[in-house]
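2 protein chains.
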Amino acid sequence: MKLATLRDGTRDGSLHLVSKNLQSAYCVASIAPTLQYAVEHWATVEPQLKKCYNLLNSGALSNIIAFTNCQLESPLPRTYQWADGSAYVNHIELVRKARGAEMPNSFWSEPLMYQGGGDSFLGPNDNIPLRDSTWGLDFEAEVAVITNDIDMNIKISAASESILLITLVNDVSLRNLIPAELAKGFGFFHSKPSTAFSPVAVTPDELGDAWDGAKLHLPLYSYLNGQLFGKPNAGTDMTFDFTQLITHAAKTRILTAGTIIGSGTVSNCDRSVGSSCIAEQRMLEKIAKGTITTPFLQVGDRVKIEMLDHEGKSIFGAIEQSVICHI
Amino acid sequence: MKLATLRDGTRDGSLHLVSKNLQSAYCVASIAPTLQYAVEHWATVEPQLKKCYNLLNSGALSNIIAFTNCQLESPLPRTYQWADGSAYVNHIELVRKARGAEMPNSFWSEPLMYQGGGDSFLGPNDNIPLRDSTWGLDFEAEVAVITNDIDMNIKISAASESILLITLVNDVSLRNLIPAELAKGFGFFHSKPSTAFSPVAVTPDELGDAWDGAKLHLPLYSYLNGQLFGKPNAGTDMTFDFTQLITHAAKTRILTAGTIIGSGTVSNCDRSVGSSCIAEQRMLEKIAKGTITTPFLQVGDRVKIEMLDHEGKSIFGAIEQSVICHI
Chain V
1 MKLATLRDGT
11 RDGSLHLVSK
21 NLQSAYCVAS
31 IAPTLQYAVE
41 HWATVEPQLK
51 KCYNLLNSGA
61 LSNIIAFTNC
71 QLESPLPRTY
81 QWADGSAYVN
91 HIELVRKARG
101 AEMPNSFWSE
111 PLMYQGGGDS
121 FLGPNDNIPL
131 RDSTWGLDFE
141 AEVAVITNDI
151 DMNIKISAAS
161 ESILLITLVN
171 DVSLRNLIPA
181 ELAKGFGFFH
191 SKPSTAFSPV
201 AVTPDELGDA
211 WDGAKLHLPL
221 YSYLNGQLFG
231 KPNAGTDMTF
241 DFTQLITHAA
251 KTRILTAGTI
261 IGSGTVSNCD
271 RSVGSSCIAE
281 QRMLEKIAKG
291 TITTPFLQVG
301 DRVKIEMLDH
311 EGKSIFGAIE
321 QSVICHI
Chain C
1 MKLATLRDGT
11 RDGSLHLVSK
21 NLQSAYCVAS
31 IAPTLQYAVE
41 HWATVEPQLK
51 KCYNLLNSGA
61 LSNIIAFTNC
71 QLESPLPRTY
81 QWADGSAYVN
91 HIELVRKARG
101 AEMPNSFWSE
111 PLMYQGGGDS
121 FLGPNDNIPL
131 RDSTWGLDFE
141 AEVAVITNDI
151 DMNIKISAAS
161 ESILLITLVN
171 DVSLRNLIPA
181 ELAKGFGFFH
191 SKPSTAFSPV
201 AVTPDELGDA
211 WDGAKLHLPL
221 YSYLNGQLFG
231 KPNAGTDMTF
241 DFTQLITHAA
251 KTRILTAGTI
261 IGSGTVSNCD
271 RSVGSSCIAE
281 QRMLEKIAKG
291 TITTPFLQVG
301 DRVKIEMLDH
311 EGKSIFGAIE
321 QSVICHI
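Chains V and C are the protein sequences, given in the same order. Just so we're aligned, residue 1 is where the first sequence starts under our numbering, counting upward by one. Just so we're aligned, residue 1 is where the second sequence starts under our numbering, counting upward by one.
Note that these hints are calculated values from the structure, not bench results. Model, not experiment: these values are computed from the prediction. Please note: incorrect hints may appear among the correct ones.
Chain copies aren't distinguished; within one or between two, either way the pair holds.
Claimed, not checked - Computed cross-link-like contacts, DSS-like style, restricted to lysine-lysine with a CA-CA straight-line distance of at most 25 Å: (1) 97 with 51; (2) 304 with 155; (3) 184 with 50; (4) 155 with 184; (5) 313 with 251; (6) 304 with 184; (7) 51 with 304; (8) 184 with 313; (9) 313 with 51; (10) 184 with 97; (11) 97 with 289; (12) 313 with 215; (13) 155 with 289; (14) 50 with 251; (15) 286 with 313.
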């Protein structure tokens, strides 16, 4: 199934099923008014949604609307728990190398994860407001999962079953605020403003053999101002898979339905595939040439993040955002 | 007004008005089913609640229930945004001094704040589950505010008006997980499990002259196993007041209705008033005697956090929690 949330003036929007080909949307308010409601009542809601999804794809439903014209929220316009890992350790090692810092060996055995703020996500086509052009605005293309309720100390085997939906992420970052913020010791706050997610979130079965229960084995395409920026495979060089990220997150707490767990910036050791964020590209430039040439995002810049199936068709729809000046 | 959320099997509980003397509760489902709903519709809901509150206090309502028998959630059983400051810089300086670390001077001019997880708060009388007795479980007695919607880059003058409710906090911490977690650079995650809040949240007018629009000038009482542990005044030595904490939090993002902003552990320079967490007491012991004698919380230990008005009456009700073993 593919699920989207249409903007309707309320804080949680209106849940819609979207056809496999991303052409049509169908309001499922009678089954679940919002995605938060759906994940909280998944056992009863999922079979009803599935039945409806089959009818939508077979063309048997009336009252469908064209999906391309819709004003979209992120699938979950807000969430109670947004925890973002940094599972591509290759990416962390590279960033550290560029600034001459050693990476502790423990980074290969225990995930990095930060507590994100989930009260105000941007929609997949919303502009990114930038207050100060010196803050070093960057995109980060990631994959994320949306989970069911999770017990504290959940086992790896149960973690995979807790994954209800998969989505793409633009983890908007303010790079030049990060060093001073992390130096204070309390982690990210200012440097991680509102995040954006892909137009639809999909159930694991939509991904076929590209989803192995813990990783998504497909290239993640990022474009900057219409030019391909990177296409690393999200299933390659992922040091910690989603089941490991989930068990890590649940070490000292329960997690509740609607929790979003992010992969961190997708990055491959094979440099020819490019990068999923500007910071990594800049580090590669610094290492290779000693000078950085790619600037961070400025007002007017456009970012696109998308994933295609084996037939070249968009799975999640595209995150497409422009940077605007916030007064 | 005093507002509480009764446990009713749903995730957000059932909103009740509580009488000024904390004796009676009255279900206000017909006005606002949950506190999250109330803060999202404050302009219309608040006058109706106020009218009802006056009737409750005058004894004019029927269908009231005894508040002391109620099973309580925290006023907001979960929230989309829980950001906890560390506004009593004296406390930070002390903790650093004990471990021989310098504190940057910038800590006096810019608040420390961490992004908390808000999906699963403990109720004010819920047990604190502890998986591993070596994790160094600690309580932290704090004050917090619950806000209305807040624009990015809000001004100090508007920040005070955005404060709808005030509450007490037990910011449960796992002290022995903190050093390794902060050393990784991504801030708190494992070391800040589910937080608990006081039985009621109150509107600023309930606090009379003890609330100056930005600080709460009353002692905050903490008890460990029935013994007074500390009673620092929350209005004394608070380097950053709540309006400063709010503007800090809103530097790069909007904040939405139901946001909780915490003060951090309340701490006074006057050591005779004791401490609001065990870690501070341990640091004072180390500095004074060279050895630490007070252990962190173990299974069976009991914590109580409360604030009294000028007449010695409890304002928020008491957070009273016992530590239990989590298998």
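- Task: Please flag the earlier hints that this structure goes against, numbers listed from lowest up.
- Result: Those not satisfied are hints 1, 2, 3, 5, 6, 7, 8, 13, 14, 15.
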